[in-house]
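Asker: Chain by chain, the residues run as shown.
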Amino acid sequence: MDKVRTPKNIFVQGAISPDAIAKSIANHSGKTDIGGHSIFLGQVRADEKPEGKVVAIDYTAYEEMALEKAFEIREAIFAKYPLTCMHIYHSLGEVKVGELCLFVFTSSKHRKAAMDACDELVERIKAELPVWGKEILDTEGHVWKVNV
Amino acid sequence: MDKVRTPKNIFVQGAISPDAIAKSIANHSGKTDIGGHSIFLGQVRADEKPEGKVVAIDYTAYEEMALEKAFEIREAIFAKYPLTCMHIYHSLGEVKVGELCLFVFTSSKHRKAAMDACDELVERIKAELPVWGKEILDTEGHVWKVNV
Amino acid sequence: MKQVIHLKAFGMIAEKIGTAELELENPGTLAALGETLRGRFPDLQSAKFGFAINKKLLQGDAEIPAGAEVALLPPFSGG
Amino acid sequence: MKQVIHLKAFGMIAEKIGTAELELENPGTLAALGETLRGRFPDLQSAKFGFAINKKLLQGDAEIPAGAEVALLPPFSGG
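Residue numbers (the working numbering), protein chains in the order written: chain A, 1 to 148; chain B, 1 to 148; chain C, 1 to 79; chain D, 1 to 79.
Bear in mind the hints are in silico, worked out from the structure with no lab data behind them. Quantities reported herein were computed from a predicted structural model and do not represent experimental measurements. Heads up, the beta-carbon is just placed ideally off N, CA and C, and yes, glycines get one too. Incorrect hints may have been included.
Taking lysine-lysine pairs in the DSBU-like style, the calculated list, with each CA pair at most 35 Å apart, reads [said to hold, decoys possible]:
{"#": "1", "chain 1": "B", "residue 1": "K126", "chain 2": "A", "residue 2": "K23"}
{"#": "2", "chain 1": "A", "residue 1": "K109", "chain 2": "A", "residue 2": "K134"}
{"#": "3", "chain 1": "A", "residue 1": "K126", "chain 2": "B", "residue 2": "K126"}
{"#": "4", "chain 1": "A", "residue 1": "K23", "chain 2": "A", "residue 2": "K53"}
{"#": "5", "chain 1": "A", "residue 1": "K8", "chain 2": "B", "residue 2": "K109"}
These stretches of chain A come out as covered by chain B in the derived footprint (C-beta under 8 Å, 3 or more residues) [to be verified]:
{"#": "6", "segment": "21 to 29"}
{"#": "7", "segment": "34 to 43"}
{"#": "8", "segment": "64 to 78"}
{"#": "9", "segment": "92 to 101"}
Working from the sequences, and respecting the hints, build out all of it.
Answerer: Printed below as a string of structure tokens:
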């Protein structure tokens with residue numbers, strides 16, 4: 001019988017810590033049918049804007065809708081690729097320059113599925129989740145992040 | 001002036017620990033022009049062979065040639081993609097089922113370069129590095145790993 | 001009988017209208033809602049945003065059901 | 001004057017010939033070396049392997065320089 005999956009929280013307050021990533025990786029050592037993990041990490045850049053230099057991004061989301069959408073994306077990716085595991089974590093609130101704001105993690109028996117699924121997940125997360133980044137500048141002002 | 005890169009060691013004795021991965025990730029927080037990291041991890045699978053079940057892989061390499069080749073691949077990937085950083089770690093010796101034997105890590109301003117470079121690096125490492133895996137079985141025997 | 005809809009605004013749109021939550025009389029469709037909002041908040045004239053009704057993305061001619069939660073969504077910029 | 005070459009064997013090939021290092025009189029080319037080895041180690045008859053001379057992959061008709069380090073490389077299986 002297939003496991004029934006339900007929406008789960010993807011949001012974490014503030015930056016994602018490297019230790020949390022290590023813990024998540026270590027949690028998979030008991031799944032001995034996994035041959036490859038693919039991970040994407042988003043890190044906040046110190047971009048230079050005409051209005052000033054980015055020092056942090058403050059993330060907000062339409063949380064209920066984002067979780068429903070993330071679940072829909074999860075299910076679609078699970079249906080498309082033979083994955084063992086998939087994890088998505090996105091920051092809310094302030095994440096400073098150099099800190100991590102997105103952690104996408106896919107695991108599969110063979111590397112290709114894990115890699116392709118990870119790439120597609122990241123693209124869909126950026127395009128389809130109602131999340132917004134306010135780029136805080138060193139001039140005390142802010143600009144709204146634009147995804148390209 | 002371009003930084004001159006020289007061959008560096010990619011081999012680690014035994015399994016790659018999640019903590020070492022966390023440390024490597026954390027080391028990049030000062031590089032504030034990075035926007036995305038892509039990571040691939042190889043994990044030893046408990047494959048069922050006709051001769052028995054895999055319990056570990058014992059890796060050996062033609063080390064001097066592998067390091068020269070890894071350097072050549074590194075240079076080619078740096079020339080092809082706008083990367084900030086690239087790291088390759090491969091185990092030698094015994095790595096047990098569920099443990100990590102390969103850690104490939106690319107970082108770039110934008111996600112696409114990091115992801116594409118990581119995928120290509122993993123393919124080239126598997127195809128071109130003189131490294132061999134001896135799959136140790138629960139029957140005390142062994143079979144030689146075959147990359148597909 | 002007046003129908004009320006519940007507006008939620010996010011990101012740059014919340015900033016431009018000065019609030020994240022608003023109740024309005026139901027103007028009928030999303031297109032009509034857009035006109036109402038742009039009339040009431042001139043800062044929205046040049047702003048780009050889409051709509052979700054009860055958490056589903058919908059286009060301008062969609063009808064707004066009674067009591068709906070309507071979200072005003074500037075372009076997503078997560079990750 | 002006898003020319004000696006230094007053989008290094010890896011993985012399954014080292015297993016089949018029973019050693020990881022071997023010195024041999026230079027047979028001239030890689031093709032000739034392959035024949036010599038298959039004659040001396042019947043287990044290699046069915047084995048697939050390539051060659052590197054001084055750490056560069058080379059094909060059968062390549063000449064082996066004096067004092068070369070020649071590696072016998074079964075199919076790679078790293079990662």
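Asker: Run every hint past the structure and note whether it holds.
Answerer: Structure-based check of all given hints:
1. B/K126 to A/K23: holds, 27 Å
2. A/K109 to A/K134: Roughly 38 Å separates the two Cα atoms, so the pair is violated.
3. A/K126 to B/K126: holds, 31 Å
4. A/K23 to A/K53: OK: A/K23 and A/K53 at ~33 Å, within 35 Å.
5. A/K8 to B/K109: Distance ~30 Å between A/K8 and B/K109 Cα, so the pair holds.
6. 21 to 29: Answer holds; 7 residues pass the 8 Å Cβ test.
7. 34 to 43: Per the Cβ count (10), the hint holds.
8. 64 to 78: violated (count 0)
9. 92 to 101: Coverage by chain B holds here, the residue count being 4 at a Cβ distance below 8 Å.
Comparing the model with each earlier hint shows violations of hints 2 and 8; every other hint is respected.
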